[in-house]
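There are 4 protein chains.
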Amino acid sequence: MSAVRRIGVLTGGGDAPGLNAVIRAVVRSCKVAHGVSVTGILDGFIGLVEMKVRELSLADVSGLLVRGGTVLGTSNRGNPFRYAFRRPDGVEELVDASATAKKNFDKLGLDGLIVIGGDGSLSIAERFWRELGIPVVGVPKTIDNDLFGTEYTFGFATALDSASWALDRLHSTAESHHRVMLLEVMGREAGWIALHAGLAGGGDVVLIPEIPFRFEALMAKFRARERSGRPFSVVVVAEGAAPEGGTQVFAGEDAVTGWKRLGGISTQIAREIESRGGYEVRATVLGHIQRGGTPVPTDRILATRFGVEAARLAVTGQFGNMVALRSDEIVAVPIEDTIGRLKRVDPNCQLVRMARSLGIVFGDEDLEAVDRSEG
Amino acid sequence: MSAVRRIGVLTGGGDAPGLNAVIRAVVRSCKVAHGVSVTGILDGFIGLVEMKVRELSLADVSGLLVRGGTVLGTSNRGNPFRYAFRRPDGVEELVDASATAKKNFDKLGLDGLIVIGGDGSLSIAERFWRELGIPVVGVPKTIDNDLFGTEYTFGFATALDSASWALDRLHSTAESHHRVMLLEVMGREAGWIALHAGLAGGGDVVLIPEIPFRFEALMAKFRARERSGRPFSVVVVAEGAAPEGGTQVFAGEDAVTGWKRLGGISTQIAREIESRGGYEVRATVLGHIQRGGTPVPTDRILATRFGVEAARLAVTGQFGNMVALRSDEIVAVPIEDTIGRLKRVDPNCQLVRMARSLGIVFGDEDLEAVDRSEG
Amino acid sequence: MSAVRRIGVLTGGGDAPGLNAVIRAVVRSCKVAHGVSVTGILDGFIGLVEMKVRELSLADVSGLLVRGGTVLGTSNRGNPFRYAFRRPDGVEELVDASATAKKNFDKLGLDGLIVIGGDGSLSIAERFWRELGIPVVGVPKTIDNDLFGTEYTFGFATALDSASWALDRLHSTAESHHRVMLLEVMGREAGWIALHAGLAGGGDVVLIPEIPFRFEALMAKFRARERSGRPFSVVVVAEGAAPEGGTQVFAGEDAVTGWKRLGGISTQIAREIESRGGYEVRATVLGHIQRGGTPVPTDRILATRFGVEAARLAVTGQFGNMVALRSDEIVAVPIEDTIGRLKRVDPNCQLVRMARSLGIVFGDEDLEAVDRSEG
Amino acid sequence: MSAVRRIGVLTGGGDAPGLNAVIRAVVRSCKVAHGVSVTGILDGFIGLVEMKVRELSLADVSGLLVRGGTVLGTSNRGNPFRYAFRRPDGVEELVDASATAKKNFDKLGLDGLIVIGGDGSLSIAERFWRELGIPVVGVPKTIDNDLFGTEYTFGFATALDSASWALDRLHSTAESHHRVMLLEVMGREAGWIALHAGLAGGGDVVLIPEIPFRFEALMAKFRARERSGRPFSVVVVAEGAAPEGGTQVFAGEDAVTGWKRLGGISTQIAREIESRGGYEVRATVLGHIQRGGTPVPTDRILATRFGVEAARLAVTGQFGNMVALRSDEIVAVPIEDTIGRLKRVDPNCQLVRMARSLGIVFGDEDLEAVDRSEG
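Protein chains in written order, with my numbering: chain A, 879 to 1253; chain B, 879 to 1253; chain C, 879 to 1253; chain D, 879 to 1253.
Simulated from the structure, these hints should not be mistaken for laboratory data. Please read all numbers here as calculations on a predicted model, not as lab measurements. There are no misleading hints in this set.
Identical chains blur together in the list; that is why a pair holds if it fits in one copy or across any two.
Here are the computed lysine to any residue pairs in the SDA-like style, where the Cα-Cα straight-line distance is at most 20 Å:
id, residue 1, residue 2
1, K930, G1107
2, K981, R932
3, K930, E1104
4, K930, R1105
5, K1221, S1205
Make the full structure from the sequences, and use the hints.
Structure follows, in structure tokens:
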């Protein structure tokens, strides 16, 4: 059906629910619709350097739709341009192994390479295409949903589901014990999960990297809720959230170390709230739980659509592109237009304004507005 | 803040996960953002005729985000233009009670009415606005996702979740027993749930109203799977699916009765497949389970956004409009542009083409294509 | 460690969540604790006759804990004493193939055979042991929980979870629409799932095979609920439930056929209730959904414990026994003491009495008691 | 029906899934079966001292079966014998307010008091009965399942479900990233949740308070898994777990403070493993998520049975008793026989031995045994 005979596929960077569904869709549509073979490259780009591969048959991808993780494995030290080579004397050295990758690509008889990964992996893919002429197609992957160029990525809905599940549980404990409960969710640069989870889980306060907060606003919200007969609050915290002029609160060399030692921003916020008096606070860090598990149906569908379209682009020779979701259609956009950029929450976007209309406090409000937020 | 002092809200037609989340969002944003009171009208439009109402406070809507159903109740005999009036002699008579509805609307001191409902309820809302001058704002509701003018409606993702949950369960039984398992899902006019569930749940065959099917194609698919070592199949059937020239298969007066008596299309399809030999078939009708339960997070968010925007439209006097989702934004569209039309699956749309690329059979393929669909 | 070198394992009869967890536990404990090899026999007893087997390694059972179904496959035509032999002329003949089974058992070098199955499979296992001298250990399997000799079996808690999940969904629809919702669950001979689901899911009426019901009691319950302001009811029906003097209600040759044609008892009960007037009724048959899916944690644990103990019994030569749960311990009981008997719900047991105390109606109450059941 | 006219009910101590189900069962069975009224006492024992109560009707408990938390509220400063009295000058003083509790009990016209709580609350209940003659019935509550006298308590199965849910998610991340993932679950004195979750979630290592562990055994397990091609491990840690001679590892004043500051044992274990080299480790503390949420069906049933039996004991004057589960029956045991004792995991019990048979390492094994645990 096409000059393309064999396609390679790899997964790079962190784990995300739906990776396996993309792999399955690539393999199934290559075989069924295009009569093309698929080589799975193991442990990310590293597998291309070290020639760790396996043939992927229809049987290999049977049952993958519901499985979390990636059967291809992935790796965080996955950059062939800075490959950690271990010399005979045991010393590790960073070398450019991209030529080896290119050579192996040819040796494997590949006509195209589908790279499923985040901004880092897609940047490497783009260099492969531009510098080495390796024909690549990208599939965007980020649980945080902060990748530029696509409305949503797979994994986000599943992470939201986990965060929402946790919030439902914390709510009943908060209510029974008259407590402030904090839930820390993923989002170092962008607060998408926190914002969506706050809306889905009935959060009272949402703290995101894009909106620096003041503790005064938080305390005002807790008091406003108490006055209206709800002496408990639920706070959703993105891991990248920070108070206004953040360095003042967590000042000093010690505090920087403390950040990592203390397991995240939520523990520090909890301590600060308690120190201001009047509230028992508990913090829960959802952590890696958000990355795992069976993808929710919408993520399975999005991942599948990405996989089918990536295969089609590869088979029809439309390289250098990344698949993306726009207005409920899957489209192709040049990888170079999307990498190195971040999709962050606009503090004035409709979703944030709606959240404020519901009384959700982001911590940058003047105190009068907070006082009115409980009716 | 606005001349509007009091808004009414009602839910019409069938149950859908997220109704309570809309009500909560209407009440919270009316109170918090607009300083406006809300009157809940019970049991759909009927409550406006019979003056069954209750004040809705913030406390009344606390905890509603996660609850299925509607705390306002709903009714299927809810058309005030054809109100079932029971005369003193016990005989029921259909009368036009719209003037009573209008009188009660004024008596309640309402400045606007938010109608959450499907095509039928929105059509009544539109007549209220056009014929009676009752200022309405619509919120579209349909689990089937077949309402025109909005990309998605709340309830659909939850129904998809239930259908996908059921498919995951049927898969393991199909595989262990070498059977053909049918799952009948909602969708009388449009196959959205079946199509999405088929993609999310790894269905082998998807039967939808928009694509009449031939049993020969189904049997060919089952045989193709058997040949490739998978002697079991999972079929997703929309309740409105029908074979090509449907009347021939379910012909006669008897068959029409039979349809209802036999509990749906899937039972008949199951019988026909068994009669063609070689396969043990089991049909499950998911039924009302799809309408109930806690909404999934994405439905909670969509319902909340609809509710906030409906309240804003009502408070700012933008009547005659319905809220809608377009490109991930909530917008207002004239109700009259959306009613009486149906959003159906285009047999040539990207989603259907992708499904076919994966090997999913819709039953209208030529047999050679089916033979190739298992690689 | 023991004279035993190799154990066979097979799964017989219907699918149940936890089968794979038993297989995994047998293989892991055989390898890790006893240094014994395991041969998997495919498609139930049939695999022993037709020599369809495969070696089971630790890698083969990795990930099985969470997977529904059985990787060994199962078969309903699985009795070697009445094996369906297909003659060269194509005619099927029932023959005694037990000698072949025995010969193959020896040929495979097996020192014991673990049979995971229901009453039918365990009866065959017992004949293997008594008549052919094949050393067997049984693992009881029945979703209905009606196997004699063990307090609970794996699969039951998962089926209960599914039934309870469905009831939660039907509840919100019942409440919003003022309807009577019926849920038909498994249980041909025993009402365990219906009874437990009724308690867990807040059912108003529970109909089980052990307690013949009268429609008058059902209607009285619906009216009592209506009087107390709850004009909706949820009814849980075991598939084996029947009215007092059942044949009168579903009389005649036609009705017997009708039973099967009409998809179960719940459809008939629904029709009867509607014909008695005043209530809109909807029936949902949960069906095979109860058999599939990831086992709930308690089923995974019970299945695992059964598997470990079955392996230990086999390795230490304690044949002819079945593992069983008693007072939270796994014990061994002679298979012959348990087969051919049924564990049914005692209408006077604590659980039924408690259900009645809560106002749950079983349909055999006098009407005054029913009237009082809503306080 | 009985001389008893009115029963009080309160919930004490920490939150647990199923508290509301007990309350519902008490109210429903009191009303339906016994014609007895129920007074709800708010915020634990404190409500009896401060006379915070409310009448509980059938409508009040409708829908409670599925709701986490307790509608009665609870309190951690709930001991009437050491009541924190705030003097007019603002100073808090601990006073014996038990006489006030007794006076209020009489003033409310109560004939009995049902106390739902853990060891602390039940000890107070027992003093009420013995010292003050307040007729009490106890309902045991502990998520950790460490209460003496009952095989299981409600809440445990739901906590196990949450822990197992989290483990399923961590598994896929562990596998994709070749990591050691730690999950810290509840269990300060007893390792029941960790042990069960380890079995249900396929843990490789389980660390519980009853079995002090050595890091050497852990490292040996990780290496054994790596050798057998599984370069990732999942460790379940009870919050009360400790290494052999624990003080040596976390020595010094600083470390003691550190314990609390650092968010639990799992963080410290993670650091120690990483410092021993070769493994990337991630720790997740499940925390309060385990206390909240909708109870799983088996917990709903157990809680309901406890509630019905507690009501029956109160109505029939069998005071001084606690309800308990034994061999699947609900029985009454004297409260005094159960309090002040702890039900811990016996390191030689069947469950632990079975876990070891599967290759699960508890950390006290000799290294050879660990080496063999991966086959």
